[in-house]
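K.L.:
Residue numbers (the numbering used here), protein chains in the order written: chain A, 19 to 132; chain B, 19 to 129.
These are computed hints drawn from the structure, not numbers from a lab.
Keep in mind that this is a model prediction, so the values were computed, not measured.
Incorrect hints may appear among the rest.
[What the hints assert, rightly or not] Below, computed lysine to aspartate or glutamate pairings styled on EDC-like, alpha-carbon distance capped at 20 Å:
#1 B:Lys-23 - A:Asp-56
#2 B:Lys-60 - A:Glu-120
#3 A:Lys-75 - B:Asp-116
#4 B:Lys-23 - A:Asp-77
#5 B:Lys-60 - A:Asp-56
#6 B:Lys-60 - A:Glu-40
#7 B:Lys-75 - A:Glu-74
#8 B:Lys-89 - B:Glu-74
#9 A:Lys-49 - B:Asp-116
#10 B:Lys-76 - A:Glu-120
#11 B:Lys-60 - A:Asp-21
[As the list claims (entries may be wrong)] Ranges between beta-carbon positions, derived for each pair:
#12 B:Thr-126 - A:Leu-78: 38 to 46 Å
#13 B:Ile-36 - A:His-91: 22 to 30 Å
#14 A:Thr-104 - B:Arg-113: 32 to 40 Å
#15 B:Lys-86 - A:Thr-130: 36 to 44 Å
#16 B:Thr-126 - A:Thr-104: 34 to 42 Å
#17 B:Lys-60 - A:Thr-95: 33 to 41 Å
#18 A:Thr-113 - B:Pro-26: 26 to 34 Å
#19 B:Gln-27 - A:Thr-132: 25 to 33 Å
#20 B:Ser-28 - A:Thr-132: 24 to 32 Å
#21 A:Thr-83 - B:Lys-60: 37 to 45 Å
Each residue gets a CB set at the ideal place from its N, CA and C atoms; glycine is no exception.
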Amino acid sequence: EADIYQTPRYLVIGTGKKITLECSQTMGHDKMYWYQQDPGMELHLIHYSYGVNSTEKGDLSSESTVSRIRTEHFPLTLESARPSHTSQYLCASSTSDGLVVEQYFGPGTRLTVT
Amino acid sequence: QQQVKQSPQSLIVQKGGISIINCAYENTAFDYFPWYQQFPGKGPALLIAIRPDVSEKKEGRFTISFNKSAKQFSLHIMDSQPGDSATYFCAASIRNNDMRFGAGTRLTVKP
Chain A
19 EADIYQTPRY
29 LVIGTGKKIT
39 LECSQTMGHD
49 KMYWYQQDPG
59 MELHLIHYSY
69 GVNSTEKGDL
79 SSESTVSRIR
89 TEHFPLTLES
99 ARPSHTSQYL
109 CASSTSDGLV
119 VEQYFGPGTR
129 LTVT
Chain B
19 QQQVKQSPQS
29 LIVQKGGISI
39 INCAYENTAF
49 DYFPWYQQFP
59 GKGPALLIAI
69 RPDVSEKKEG
79 RFTISFNKSA
89 KQFSLHIMDS
99 QPGDSATYFC
109 AASIRNNDMR
119 FGAGTRLTVK
129 P
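Please take these sequences and the hints and turn them into a complete structure.
P.N.:
Okay, structure coming up:
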């Protein structure tokens, strides 16, 4: 079982609210990722980080922002939630080394914006 | 555009049967091809992976077949069990970065 945690697991919030989705891992991984997952669709990478103070946007355009101040923590923030942000958000982490590249995923946060 | 195309979208198999899920890719720079398994309410977890220098990898009942010339790879689940019912994602990456996922296949194994 991977040691990667996401909170909250479920969130229902009104339009215009600011929200932060938390993600933390205890494996000391340098790489962390945020994906957006909709039913029947591939996982879309929205943000990633290769280390402290390093963040990049992924393929899918997102109005969210991320920060990486500590190795183990990679929160995602939406300044003003909209119904189009309704989705499942998955956080993952991985190491840089080795031939086997495994991304360890958290259980996800299911966000509903009303 | 979708860089890894996965089919079928859903699959129903009888217990004991063989489940086959297919993926195709375009980017020949991909050098790592994992399969992830996701149960409801959980995040995806790595099931098995292959690199393009081999054509097949087997781990227990799970086998990846890889066809480099056709740019295709597939997951075979032998003796499928109801506990295998989950969503399966293929993926591809370049030099351990930039993982691209397929759209997923929802597998149901009927008892």
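K.L.:
For each hint, tell me whether it holds in the structure or not.
P.N.:
Comparing the hints with the structure gives:
Pair hint B:Lys-23 plus A:Asp-56 holds up; C-alpha atoms about 16 Å apart against a cutoff of 20 Å. As the CA atoms of B:Lys-60 and A:Glu-120 are separated by approximately 16 Å, the hinted pair is consistent with the 20 Å bound. Pair hint A:Lys-75 plus B:Asp-116 holds up; C-alpha atoms about 11 Å apart against a cutoff of 20 Å. Of the supplied pair hints, the one linking B:Lys-23 and A:Asp-77 holds, its CA atoms being roughly 16 Å apart against a limit of 20 Å.
Of the pairs offered as hints, the one joining B:Lys-60 and A:Asp-56 holds, with about 14 Å between alpha carbons and a cut-off of 20 Å not exceeded. Taken as a hint, the B:Lys-60 and A:Glu-40 pair is honoured in the structure, with Cα atoms around 16 Å apart against an allowance of 20 Å. This hinted pair does not check out: B:Lys-75 and A:Glu-74 have alpha carbons roughly 34 Å apart, beyond 20 Å. Restraint check for B:Lys-89 and B:Glu-74: the C-alpha separation of about 14 Å stays at or below 20 Å, so the hint holds.
Among the hinted pairs, A:Lys-49 with B:Asp-116 is consistent with the structure: their alpha-carbon atoms are about 11 Å apart, no more than 20 Å. Between the alpha carbons of B:Lys-76 and A:Glu-120 the distance comes to roughly 17 Å, so the proposed pair stays at or under 20 Å and holds. Distance check on the hinted pair: B:Lys-60 and A:Asp-21 sit about 13 Å apart at the alpha-carbon level, within 20 Å; holds. Between B:Thr-126 and A:Leu-78, the C-beta spacing of about 29 Å breaks the proposed range 38 to 46 Å.
At about 43 Å, the beta-carbon gap between B:Ile-36 and A:His-91 misses the expected band of 22 to 30 Å. In this structure, A:Thr-104 and B:Arg-113 meet the distance hint of 32 to 40 Å, their C-beta atoms being roughly 34 Å apart. Against the hinted window of 36 to 44 Å, the Cβ-Cβ separation of B:Lys-86 and A:Thr-130 comes to about 43 Å, which satisfies the hint. For B:Thr-126 paired with A:Thr-104, a C-beta distance near 26 Å fails the hint of 34 to 42 Å.
Distance hint check for B:Lys-60 and A:Thr-95: the Cβ-Cβ separation is about 24 Å, which falls outside the suggested range of 33 to 41 Å. With their beta carbons about 33 Å apart, A:Thr-113 and B:Pro-26 fall inside the hinted range of 26 to 34 Å. At roughly 29 Å, the beta carbons of B:Gln-27 and A:Thr-132 sit within the given window of 25 to 33 Å. Here the CB-CB span from B:Ser-28 to A:Thr-132 is close to 29 Å, well matched to the stated 24 to 32 Å.
The beta-carbon spacing between A:Thr-83 and B:Lys-60, approximately 27 Å, falls outside the hinted interval of 37 to 45 Å.
Checked against the numbered hints above, the structure breaks hints 7, 12, 13, 16, 17, 21 and satisfies the rest.
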